[in-house]
Amino acid sequence: MEEALKQDTATLTTDWEAIRNQFPVLKREIKGNPLVYLDNGASSQMPQRVIDRINDYHSNEHANVHRGIHTLSQEGTDAFEAARTKVKDFINARHLEEIIYTTGTTDSINLVANSYGRKHFREGDEIILSAMEHHANIVPWQMVAEETGAKIKVIPMTDEGELVMEEFHNLLSDRTKMVGVLHVSNALGTVNPVEEIIEAAHAKDIPVLIDGAQAVPHAVVDVQKLDADFYAFSAHKMCGPTGFGILYGKKELLEDMPPYRGGGDMIDKVTFEKTTWNDLPHKFEAGTPPIAAGVGFAETIDFLNEVGMENIAAREQELLDYATEELRKIDGLKIVGTAKNKASVISFLLEGIHPTDAGTILDQKGIAVRTGHHCAQPIMDHFNIPGTARASISFYNNKEDIDRLVEGIKYVKEFF
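In the UniProt record's numbering, the protein residues as written are 1 to 416.
One thing to keep in mind: the hints can contain errors.
[To be verified] Only pairs whose alpha carbons sit at most 16 Å apart, straight line, appear in this in silico EDC-like list of lysine to aspartate or glutamate:
| hint | residue 1 | residue 2 |
| --- | --- | --- |
| 1 | 177 | 146 |
| 2 | 177 | 199 |
| 3 | 86 | 302 |
| 4 | 329 | 407 |
Since the hints were made in silico from the structure, they are not lab data. Because the structure is a prediction, the values reported are computed rather than measured.
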């Protein structure tokens, strides 16, 4: 059944237009203009085969998982659990039990902050975060810090949008109990030196959580090579469905952590006197999961593997370099975030024009960008700005999309 839904993508790794054609929404017109979708940092689009796989599950296999002995339940369970194996291989985890299903990156970070943090943090302990974190990697730690008496320390960044690594090394101490850093900044595009961060933290036996929401969609990620203790990401930012995410955690750490939520499927034995927990990974997966999204994500990973993550990274770097070059030619445009190592994101300001106004006019031309603080208000505070306009690139974009963006920005300038 699943094989019938797959298109032949054997030749698509060099045919980007054929790959683009697999995304039905890109054929839409917005206000009489062909859609230029450059909001991939918020959510990327799904190829037709992923949409078809989700619909096929609903039409032919829908039933609850892990509980039933009947055929539909068994088929659904097999399809849902197949995603776990594919994710394990996709990020090169050592054990299948290290792949925890969540509802997204935010949920994954909350799981670690609450389960690991509440057990291990004490008064005066320190959590190191970076100045460019998404709110999802700030607020959960703040909440746990308030409960436990721990304190948050912040790695500063430069005006180019790079972490001041000397300051990071100085922050590490015997009081440090966790380091949480994003791999790629959703607001700036900066690729952070997570290998150096992890190595330095591990030298002091400090665990590290990496927010990989903006990294896994754009490059090969090998969690064993990184030696990350925890790594979190979301399906919807990598051509998959919403409401589904992954927490990778080293097995020995996950085994030591108490459950985050209680309910069905995460238990071994329940009495009114005592409950014992299920084994990994199900200990952290209470209740009925987003089954269709998991099945769809399995198909997403197949698709990405066929295109090739190395090909995707090279394609997106080519488009990012082209966009950066063209935007720099526009008078009055300032790129916010000029780190040497960037991926997929260009944030910018137009002199005398509010980002929201710029985004609204671009939408009139069918160009979708993000405006605002991008859930990264500390970054905006650093630059003393209310927000930016952000163009975020995926491999299914092309140079024509970039050219349309450039022309759209010129129109915005004329409009105001």
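Outcome of the hint check:
For a cut-off of 16 Å, the pair hint linking residue 177 to residue 146 stands: about 15 Å separates their Cα positions. Taking the CA atoms of residue 177 and residue 199, the gap is about 15 Å. The hint holds against a cut of 16 Å. Distance hint between residue 86 and residue 302 is fulfilled; the C-alpha atoms sit about 8 Å from each other, no more than 16 Å. A threshold of 16 Å between alpha carbons decides the hint, and for residue 329 with residue 407 the separation of about 12 Å falls inside it, so the pair holds.
Checked against the numbered hints given earlier, the structure satisfies every one of them.
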